[in-house]
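Number of protein chains: 4
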Amino acid sequence: MSYAFNNDREYDIIAIGRACIDLNANEYNRPMEETMTFTKYVGGSPANITIGSSKLGLKTGFIGKIPDDQHGNFIKKYMSEAGIDTSNIVVDKEGHKVGLTFTEIKSPEECSILMYREEVADLYLHPDEVSEAYIKQAKVLLVSGTALAKSPSREAVIKAVGLARKNDVTVVFELDYRPYTWKSKEETAIYYSLIAEQSDIVIGTRDEYDMMENLENGNNQETIQNLFKHRPELIVIKHGVDGSYAYEKSGAEYRGQAYKSKVLKTFGAGDSYASAFLYALLNGKDIETALKFGSASAAIVVSKHSSSDAMPSLDEIEQLIAVRA
Amino acid sequence: MSYAFNNDREYDIIAIGRACIDLNANEYNRPMEETMTFTKYVGGSPANITIGSSKLGLKTGFIGKIPDDQHGNFIKKYMSEAGIDTSNIVVDKEGHKVGLTFTEIKSPEECSILMYREEVADLYLHPDEVSEAYIKQAKVLLVSGTALAKSPSREAVIKAVGLARKNDVTVVFELDYRPYTWKSKEETAIYYSLIAEQSDIVIGTRDEYDMMENLENGNNQETIQNLFKHRPELIVIKHGVDGSYAYEKSGAEYRGQAYKSKVLKTFGAGDSYASAFLYALLNGKDIETALKFGSASAAIVVSKHSSSDAMPSLDEIEQLIAVRA
Amino acid sequence: MSYAFNNDREYDIIAIGRACIDLNANEYNRPMEETMTFTKYVGGSPANITIGSSKLGLKTGFIGKIPDDQHGNFIKKYMSEAGIDTSNIVVDKEGHKVGLTFTEIKSPEECSILMYREEVADLYLHPDEVSEAYIKQAKVLLVSGTALAKSPSREAVIKAVGLARKNDVTVVFELDYRPYTWKSKEETAIYYSLIAEQSDIVIGTRDEYDMMENLENGNNQETIQNLFKHRPELIVIKHGVDGSYAYEKSGAEYRGQAYKSKVLKTFGAGDSYASAFLYALLNGKDIETALKFGSASAAIVVSKHSSSDAMPSLDEIEQLIAVRA
Amino acid sequence: MSYAFNNDREYDIIAIGRACIDLNANEYNRPMEETMTFTKYVGGSPANITIGSSKLGLKTGFIGKIPDDQHGNFIKKYMSEAGIDTSNIVVDKEGHKVGLTFTEIKSPEECSILMYREEVADLYLHPDEVSEAYIKQAKVLLVSGTALAKSPSREAVIKAVGLARKNDVTVVFELDYRPYTWKSKEETAIYYSLIAEQSDIVIGTRDEYDMMENLENGNNQETIQNLFKHRPELIVIKHGVDGSYAYEKSGAEYRGQAYKSKVLKTFGAGDSYASAFLYALLNGKDIETALKFGSASAAIVVSKHSSSDAMPSLDEIEQLIAVRA
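Chains as they are written, first to last, in this note's numbering: chain A, 4 to 328; chain B, 4 to 328; chain C, 4 to 328; chain D, 4 to 328.
Bear in mind the hints are in silico, worked out from the structure with no lab data behind them. Watch out, some of these pointers could steer you wrong.
A pair holds if it fits inside one copy or across any two, identical chains being indistinguishable in the list.
[Said to hold, decoys possible] PhoX-like, lysine-lysine: derived pairs with alpha carbons at most 20 Å apart: (1) LYS109 - LYS139; (2) LYS252 - LYS79; (3) LYS80 - LYS232; (4) LYS288 - LYS232; (5) LYS252 - LYS109; (6) LYS96 - LYS153; (7) LYS109 - LYS80; (8) LYS188 - LYS80; (9) LYS96 - LYS186; (10) LYS265 - LYS307; (11) LYS153 - LYS307; (12) LYS62 - LYS288.
In isolation and in its complexed conformation, chain A is listed as follows:
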């Protein structure tokens, strides 16, 4: 079955949340202490998803806040050249900086990151910088969980979701949990639940749903039973190498396989998954196909150096699916 969107809209996806800088180790398979040079990429889950979607051909826009400095300029230029509408990316005037992520690739299995998230511009997006006129031009509003971590970005997202619902824009919530900025697990669970219950489609890993439910070793059936009491119509739960599951409120369930890949690093898997999954859904493909698109896109990105620049083309995805069929 395919998912129905409000097609009378200019943008396929408008995303809200952070756009940051990744500094990826050029010398890898070693500890970061021994890495001497880094390459700069645009990063941040919702930015990556939007870049990936745009590269696949979707018409996209972005709501976010960037600093008034060289890193901010770079992000805006890169996203604009990727075909994303940047008219609603606000330039911070209070001296906040862009978030940074240094990546450490010790081995394909041992990747870690070193984050700079203090006083970052993206968390200073104000609710009055969120425009109803803009949101109502979208089929999908893509919300990233990390944007809920702190005020005023938190309120900006709550407002955006309210405006999306009011204007029949499908709300897609990518859980995107990062253990930074949040004060406690309980606080995280409260805001994740609040937004998940008001969303139409929820996407995340099993671990992220556990954060939302403030428990360990949660169970997919209980998760969907609770969420389907509220607004969600489609819930995607990813289980890493064991593949991903999609659940519809109607009761239908689907399982997607993970595609094996020569893994360089694990970063960027989730973002590439979401961008291709949403591309497929928005192009009227059925959910089973969308799961394949997501998995194929993730398999390609984990074999490459970046999480944004490495987003695959439609050809690459379709070819991988065909080869592995």
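Put chains B, C and D on the given structure of chain A with help from the hints.
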């Protein structure tokens, strides 16, 4: 028509929010600069409402946080002696103080207050101090808007409302807007709307609904039209001396008159109104009678010195209604 | 021996620091929980000292910051009526409040206080609100230790002391230690030492010198040995009922007896001591006499209800000294 | 004339302050937006000076705070391998990060930096992490002005300077002004003056002395006249390409020429100057020679890519001086 509660519960009302200290000028009809002595009372909207309800005979409990000092001890003792269950009032261990309100009564028309609300204990109620086992013993969870002004109290209230809904506890939202602590009108509107949409009964002044809608000179019909799209079943909008209006989702509307009174000060009118209105509803009286109870209780309290100690008895309310009939 | 001041100045004493509100229990010899009414007085060590000095006939001024509210107005009016020049008391425009001190008098031996010191106006005195033109009109700049507890008041005091030294104004440092606002004992010791080393006269209790030295059970001889390496010329160390000691850099030592008194509460003893001690010094009396003045003034204030309004007259002090001689 | 140190000490220089990470653009002569890769170096003025001094053969130690992460590990390892004693570098346990400096080299004349200084570990050095036993092993305590920008690092430095004076350690104050973290010019001036007045040797650019004096276009003669009233014995004021001036309390004045160089970037000039100047003084060379050493070292570093790794050897410095003589 009367309102149906889940009667299989031990408590009529459990309130969540602040309990503070009022310091009322003993010498009045003068500026506070010339007031030399003050009398101490328990204050804070949800505490006052609970005290008022308890005095009328309801079985009540309170969820809140008080400091570990003489003012905190006084509050707990006073509320306990007023018949309120204080088992869920947490004692702060981090040095936060109780909020203070100095009242200035220049004339019955010119009352003002001087608030101490920096780092107050009530705004440090943590979500993990809110107990599902306790909330599900109540017919009504009474939520006060000021408790939404800051984290972690904000999250404690969002959690409490979620638990109340899950356990079929009627959520009553007393808007209780105070222009302290809130960072902006937009922030206020976002959280007021969020909780109002998830409540069963909403009570406030026309000005407070304007805050919730982030506009000026709002219109009752538009307010109820928006809120009735969500969970609310009963909406009370107070217009001061012009009386109050109650709206049911079914379409029924009621108007209650304000009773004239020899006004000493205007403080405490809203709290006494809510306590008597809820008493009437919980005792199966129809909405028109409940509006009279609210107005009568308010008329009595504004003629007296305090907002808590002066809460009327059932006899006083019924007598006033009878005399003015 | 008497102490020489720069007599070619308009003001005897200009004090810098906090002016607050005391709320003294009207019903005493009981815990504060049972106190129902409070009387309002001006409080805060440097304000009390200035009021006391002014009452004795010194020409005084005050540098401080008060809120733009009824309590701020009251303080300015009271101090002005007490004869103090208030031209350098700045009105805060950022919503800070005045500090509050609720006093609890359980018995003459058990007095405690409940302080409100969060975001108080006095700690927001900015260095650019300290005027060299004003300070250089004084014989004495009186500095209170509590004003060092937080920026920007801390920097305002450091600046004021620098200006006083530059303009040959005698710097008197009243240690006035209060365990609020300070982050650690080490921080306290660092700033107390910094200012004590730059002062001409230092006055405090033995416990306060221990705070300055970050040790317990300190020794007067070691204290004066360390301080006399720096600027101080005269050091007064108070030992409660065991009297007080004055040390001169020249090597002279003096001991003053404490006068017995019918104690109502212990608050205000130090402030009244300082005001009368400085009065005597500034009037050319010898140090032994100044110690008597300090003790007599303290003995009078501890027998009365307030710490500011109760400051004695010259007659009262001289009479007490005469009677006890 | 040469400067006398307390030679009965194990370390020539112990520095206190920040050790950070520089991320220097690999592709230069372009805006940073177009720079895609960065090379990582140790940075931060006192770290650079210590590295430079150590490379020249001085025995050095460092008091500072680094994060418990890969960047922190790198710094400690690099400094240790450079011969610096790192036993008093504390590892932060509260999640603070290392400061970052991205450098932009548009042209030799247009260099700018993008700093990350929010919640950095170096500013969380606590006074109780400063050891008297360590400081008293040094001939020189080198203090960097930026460490005064915020508590508790500010108090750690004030304490260290007090301990140095108490133990006859020469205090060298490198003004090292950076317009980050400081709240106001007045605050900067207050703490810069406080430490300068307590130091033996002060080194800075004319602009930095202007910050200390809170004025514009200051005058060397007035600067030294004010400072020589206090502790300083030797004052170095640098005027960029116009050379540098050294003033002794005795009245002697010296001028050092700046050496021309093929400038790649201007960063690191001050740090390399200080390290070679202090090397010369500590080796008993006269002040004129020390000025030459400083200028030569600066000329070498500005022609290279980093500010730490590029610190010259003694041979390089002596050769440059010989060639340009």
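Is it within, between, both, or neither for LYS288 and LYS232, if the alpha carbons may be no more than 20 Å apart?
For LYS288 and LYS232, neither the intra-copy (26 Å) nor the inter-copy (33 Å) Cα distance is at most 20 Å.
Indicate which option fits the pair LYS153, LYS307 if close means a Cα-Cα distance not exceeding 20 Å: within, between, both or neither.
Neither: 32 Å inside a copy, 42 Å across copies.
Homomeric proximity label, LYS265 with LYS307: Cα distance no greater than 20 Å:
This pair counts as within: shortest intra-copy Cα distance 9 Å, inter-copy 40 Å.
One pair to classify: LYS62 and LYS288, alpha carbons no more than 20 Å apart. Within, between, both, or neither?
within (17 Å within a copy, 58 Å between copies)
Status of LYS232 relative to LYS80 across identical chains (alpha carbons, at most 20 Å):
neither (42 Å within a copy, 42 Å between copies)
Give the relationship of LYS252 and LYS109 under a CA distance limit of 20 Å: within one copy only, between copies only, both, or neither.
neither (42 Å within a copy, 57 Å between copies)
At most 20 Å between alpha carbons: which applies to LYS96 and LYS153, within, between, both or neither?
within (18 Å within a copy, 23 Å between copies)
Homomeric proximity label, LYS109 with LYS139: Cα distance no greater than 20 Å:
For LYS109 and LYS139, neither the intra-copy (44 Å) nor the inter-copy (42 Å) Cα distance is at most 20 Å.
Using 20 Å as the alpha carbon limit, work out where LYS96 and LYS186 are close: within a copy, between copies, both or neither.
Classified as between: cross-chain Cα gap 17 Å, same-chain 26 Å, threshold 20 Å.
State whether the alpha carbon distance between LYS109 and LYS80 is at most 20 Å within one copy, between copies, both, or neither.
Answer is between; shortest inter-copy Cα gap is 19 Å, intra-copy 31 Å.
Are the CA atoms of LYS188 and LYS80 at most 20 Å apart within a copy, between copies, both, or neither?
Classified as neither; 36 Å inside a copy, 34 Å across copies.
Intra/inter-copy verdict for LYS252 and LYS79 if alpha-carbon distance must be at most 20 Å:
This pair counts as neither: shortest intra-copy Cα distance 38 Å, inter-copy 48 Å.
Against the hints set out earlier in the document, violations occur for numbers 1, 2, 3, 4, 5, 8, 11.
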